[in-house]
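Taking the hints into account, I'd like the entire structure generated from these sequences.
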Amino acid sequence: MRFLPGEHIYSYLYRGYIVHGIDGYSTIINYDGLFKRRLATIKPELINPFLDTSNFRDLCVRSGFIDVSLKLADDYIEEYVGSEKFPKGLKLHPINRKNAHTVNYCSECVQDFIKEFGFAYLLAVWLDDGYVCKKHDRPVVSLNSNSRAQTIKQLKIVLSGDV
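When we follow the numbering used here, the leftmost residue of the sequence shown carries the number 44, and every step to the right adds one.
Treat the hints with care, as some may be off.
Unchecked claim - Restraint ranges, calculated between C-beta atoms of paired labels, are given here:
hint	residue 1	residue 2	range
1	ASP180	THR84	33 to 43 Å
2	HIS179	HIS63	23 to 33 Å
3	THR84	GLU151	29 to 39 Å
4	SER185	SER97	26 to 36 Å
5	LYS178	ARG45	14 to 24 Å
6	ASP155	LYS86	27 to 37 Å
7	LYS177	ILE157	36 to 46 Å
Unchecked claim - List time: in silico DSS-like cross-link candidates among lysine-lysine, alpha-carbon distance up to 25 Å:
hint	residue 1	residue 2
8	LYS196	LYS86
9	LYS177	LYS158
10	LYS199	LYS158
11	LYS79	LYS196
12	LYS158	LYS86
13	LYS158	LYS178
14	LYS79	LYS134
15	LYS199	LYS86
16	LYS158	LYS196
17	LYS199	LYS178
18	LYS199	LYS79
Quick caveat, the hints were computed from the structure, so don't treat them as lab data. Just so you know, even glycine gets a beta-carbon here, dropped at the ideal spot from N, CA and C.
Here's what the structure looks like:
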């Protein structure tokens, strides 16, 4: 599955889980309904069905992460995810982040993405609380949630354009 322009890692993983019917939300959303501060080891069976390794490093960096478990190369799935040298799976640590992220979005961008791509996704720049959408000149909206289940439900509504 390809990355979309400006997409952040949480959005990419969320889309992959939705498209492939994988119940992996606990890997990206914490108990309090926030995007996790770091991505602990995500098992290969959760990401192998959709992980695109091309430009993966760029996706991680723009999302504020560095890869600490896998060497990303053309052969990294075979060499590292299946290797005993590293814990199996994907592990990303934040570069300069001490807290989990609220789930933020621009409702107008969501509508634009649905028109352009047929579905919506979340931008990496929206991870910053208080970010003002440069295209629509309005602050991003934060989900008001206090649990993982509530965030998953609200995120489905937001990304379907029903906001």
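For each hint, the structure was consulted:
1. Separation of ASP180 from THR84 is about 40 Å and conforms to the stated range, judged on CB atoms against 33 to 43 Å.
2. The beta-carbon spacing between HIS179 and HIS63, approximately 31 Å, falls within the hinted interval of 23 to 33 Å.
3. Range check, THR84 to GLU151: Cβ separation about 36 Å, and the 29 to 39 Å hint holds.
4. In this structure the supplied range 26 to 36 Å holds for SER185 paired with SER97, their Cβ-Cβ distance being about 31 Å.
5. For the hinted restraint 14 to 24 Å between LYS178 and ARG45, the CB-CB distance of approximately 22 Å keeps it satisfied.
6. At about 34 Å, the CB distance of ASP155 to LYS86 agrees with the hint of 27 to 37 Å.
7. Take LYS177 and ILE157: their Cβ atoms lie about 19 Å apart, and the range 36 to 46 Å is violated.
8. Our distance criterion of 25 Å between C-alpha atoms is met by LYS196 and LYS86, whose separation comes to about 23 Å.
9. For a cut-off of 25 Å, the pair hint linking LYS177 to LYS158 stands: about 19 Å separates their Cα positions.
10. Among the hinted pairs, LYS199 with LYS158 is consistent with the structure: their alpha-carbon atoms are about 17 Å apart, no more than 25 Å.
11. Of the pairs offered as hints, the one joining LYS79 and LYS196 holds, with about 17 Å between alpha carbons and a cut-off of 25 Å not exceeded.
12. As the CA atoms of LYS158 and LYS86 are separated by approximately 33 Å, the hinted pair breaks the 25 Å bound.
13. Distance hint between LYS158 and LYS178 is fulfilled; the C-alpha atoms sit about 16 Å from each other, no more than 25 Å.
14. A threshold of 25 Å between alpha carbons decides the hint, and for LYS79 with LYS134 the separation of about 12 Å falls inside it, so the pair holds.
15. Straight-line distance between C-alpha atoms of LYS199 and LYS86 comes to about 23 Å, which keeps the hinted pair within the 25 Å bound.
16. Proposed proximity of LYS158 and LYS196 is supported: the alpha carbons are some 22 Å apart, at most 25 Å.
17. For the hint pairing LYS199 with LYS178, the CA-to-CA distance comes to about 23 Å; that is within 25 Å, so the pair holds.
18. A distance of roughly 18 Å separates the Cα atoms of LYS199 and LYS79; the hinted pair therefore holds under the 25 Å criterion.
In the structure shown, a violation is registered for the earlier hints numbered 7, 12, in ascending order.
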